[in-house]
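Peer 1: So the sequences go chain by chain: D and E.
One rule links them: number in our numbering = place in the first sequence (from 1) + 756.
One rule links them: number in our numbering = place in the second sequence (from 1) + 756.
Treat the hints with care, as some may be off.
If chains are identical, the list can't say which one is meant, so a pair holds when it fits in one copy or spans any two.
Cut-off 20 Å, straight-line C-alpha distance, at most; resulting in silico cross-link-like pairs (EDC-like, lysine to aspartate or glutamate) [said to hold, decoys possible]: (1) 1082 <-> 1033; (2) 1110 <-> 1175; (3) 1077 <-> 1033; (4) 1110 <-> 1128; (5) 820 <-> 1036; (6) 1077 <-> 1010.
Since the hints were made in silico from the structure, they are not lab data.
The model shown is predicted, which means the values in this text are computed figures rather than measured ones.
Number of protein chains: 2
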Amino acid sequence: MNIILLSGGSGKRLWPLSNDIRSKQFIRMLSDGQGGFESMLGRVYRQISEVDSGARITIATGRKQVSLIKNQLGDRVNICVEPCRRDTFPAVCLAASYLRDVEGVKEDEAVVVCPVDPYVDASYFQALKELTEMARSGGANLYLMGIEPTYPSEKYGYIIPASNERVSGVFTFREKPDVAAARAYIAQGALWNGGVFAFRLGYLLRKAHERLDFTDYEDLYARYGEMEKISFDYAVAEREKEIRVLRFGGQWKDLGTWNTFSEAMADEALGRVTLNETCENTHVVNELNIPILCMGCRDMVIAASGDGILISDKEQSSYIKPFVEKIEQQVMYAEKSWGSFTVLDVQEDSLTIKIVLLPGHALHYHSHEHRDEVWTVMSGRGRAVIDGVERKVSPGDVIVMPAGCRHTVAAESELKILEAQLGRDISVEDKQKHEL
Amino acid sequence: MNIILLSGGSGKRLWPLSNDIRSKQFIRMLSDGQGGFESMLGRVYRQISEVDSGARITIATGRKQVSLIKNQLGDRVNICVEPCRRDTFPAVCLAASYLRDVEGVKEDEAVVVCPVDPYVDASYFQALKELTEMARSGGANLYLMGIEPTYPSEKYGYIIPASNERVSGVFTFREKPDVAAARAYIAQGALWNGGVFAFRLGYLLRKAHERLDFTDYEDLYARYGEMEKISFDYAVAEREKEIRVLRFGGQWKDLGTWNTFSEAMADEALGRVTLNETCENTHVVNELNIPILCMGCRDMVIAASGDGILISDKEQSSYIKPFVEKIEQQVMYAEKSWGSFTVLDVQEDSLTIKIVLLPGHALHYHSHEHRDEVWTVMSGRGRAVIDGVERKVSPGDVIVMPAGCRHTVAAESELKILEAQLGRDISVEDKQKHEL
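My request is simple: use the sequences and hints to build the entire structure.
Peer 2: In structure tokens:
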């Protein structure tokens, strides 16, 4: 099975655990069924592998997520990186072109596109397999998954099928109706649009060429900014006559808000948390290294990370986005392909961060124009290169790097470094990369 | 007026803002009436000064609080430090002896003892003045303040007066009754025991000598550990026949729990806090430098500091103590006479702290046996002494101090220093002080 996972998301709705770097699909908080934790991404990857161990998985995403995807899945998946954010149709076109020109997938092979973050069981991936088989057989140009609604949601798109059969034509599409309209659609047999599309690769490439005349993946990548911002639904699905929808009645949850996410959490409390006996239906996630004590909390969700602390009634937690947008907060913690960083202290003219560098990984060789830096090695061993001179580093070593000094470090064992940044104009933009 | 303020408190009930070092009386969160904030200690000091600008104020306290009292009040008060914790009677004896032998107060002068943390207005201090005047006149040996109860509390001691007159004899005392008994006492005209006692200095010193035969303050200080742990009420008040109680009907609040403390807070939200429009009767204090977002919170108190985060229903917040006792957490933030320290990061074999040193202050000259330290100067200027050698320090300077190295630093302007502690056995006990 060729599967394109669309990984986007601004990460506001699960603040403070999600942020501009760590979208909700990367939060490791679901049960992996073996006493451990996994992210939505890790879960979907595991579930696909269980249903089809030979699946070719390509994640279509933006630059910001690459490091984090590699941190969680290593090189087990292809990553097709958009040079800039467009919408789902351009992203699928780029991934389709990547499959043909880089991966050598034939134009008559089937491909299925799927969001990276549905909370589902194996039956969902069986249905994806079925969709790709139908697409390969060529009975229609496009196959969708229609999810049987469990309530008249205002947030989803609806597919009104032509019949009540398991596989049916599509009568029409309806976007985010109000509750009364949603109820009426459901009475007519409407299904939620799950954002799943299966097609033969050649079909999609023809649709892409209708909008931009490119030669191959490299050319499309170079000219990606010229593509119109348009969704796959609007650009393709709603215009296609030869379309079928597969009715899906298995488990399907959208863990897009704290209210739904907390229900899927492995435990009611994660991290250093005490809930007294008067707490009811309350979920707490604590990523800070200080304790949280909850007393008499009812129907609440509480989440604390280096970015902030949310304390919300579960029902209210769906309305978080506008409030989070008003909060100005730099990213305080991020997982990267090479490890992680944590902001420990922010002052007007200094910033202190902790860097954890995984064994075998190194930072880019870089310098800063407007700040001095000091590294204090807290634990682990490695090799630093400072203005071209290599040296070993071990706990207690201190390296002073004035502005302009080129520097990097590679970890032999897990390396923890305290980095003091000093200057009046400290900015993530102030970073010049160099060749070693 | 000679006034002894008793400053104790374990600091569990207002966790996480109070801790072993910072008892509730030091939390700067009350309105100072001028748009700023003050602590209970600062407020009581200000109020006493307003009623009697010449008052001689002596704070009886333990070692742990000295640095913090000096941080808040400087040298404007006397501090009488117990060498070890006993109970209120020994503490008052030590302070009385200090007044005679160090401050030269005569034995026929009156002294009033008062807790450091009542939330009151000027009428309370007028009443203290009246009590000292009555004590000086010598009509009785001991004068108490009886507070008119506002509800049948189970937490207070009750004074049953002999009559309903404003100044009356005492029929008897009752400790922490149940609600029914409290109601019955109140019906009889009972008053709360406010922990205020006025007497002539000689009277109290005679009581002290009945229990320990000491020569002077220095001798009592040296033998303080021999004093029995006994409260002033039990040792003196409940045994004294020549006793009077002054009925006090003015404002008096015990801000001993979050429920009552939050009502006296200057604002419903302090620090980086957003409360959405569905929050009701909720108070939030945020001392962390990350934002807190509250949605749909009702009748709650939320407090976050470097020591932890409390999220509690207001009524439940009175039952915090046993839960806090179970939380093992080192002190993450402390104000000291010389400035403050904040723990930024804790690892198995390292600890990172931020030191803020106020201008004109210096650390003790000290060394550590079992850890190396590295200082990175983040801002400010000063002079360090490292193994006897003095050097200037300014931002970006790094000082490496292996175990055994003697070190100190004095601030010329406010100095912020990042201190990395490295070693397997990092402990606050590992500190050897030296003469410079």
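Peer 1: Each of the hints needs a verdict: does it hold here or not?
Peer 2: For each hint, the structure was consulted:
For the homomeric pair residue 1082 and residue 1033, the shortest alpha-carbon distance between copies (15 Å) is at most 20 Å, but the shortest distance inside one copy (35 Å) is not. For the homomeric pair residue 1110 and residue 1175, the shortest alpha-carbon distances inside one copy (6 Å) and between copies (13 Å) are both at most 20 Å. Taking identical chains as interchangeable, the C-alpha atoms of residue 1077 and residue 1033 lie at most 20 Å apart only when they sit on different chains, with a minimum of 14 Å there against 31 Å within one chain. Taking the shortest Cα distances, residue 1110 and residue 1128 sit within 20 Å of each other both inside one copy (16 Å) and across copies (18 Å).
With identical chains, the CA atoms of residue 820 and residue 1036 are never at most 20 Å apart, being 38 Å at best within one copy and 39 Å at best between copies. Taking identical chains as interchangeable, the C-alpha atoms of residue 1077 and residue 1010 lie at most 20 Å apart only when both belong to the same chain, with a minimum of 16 Å there against 40 Å between chains.
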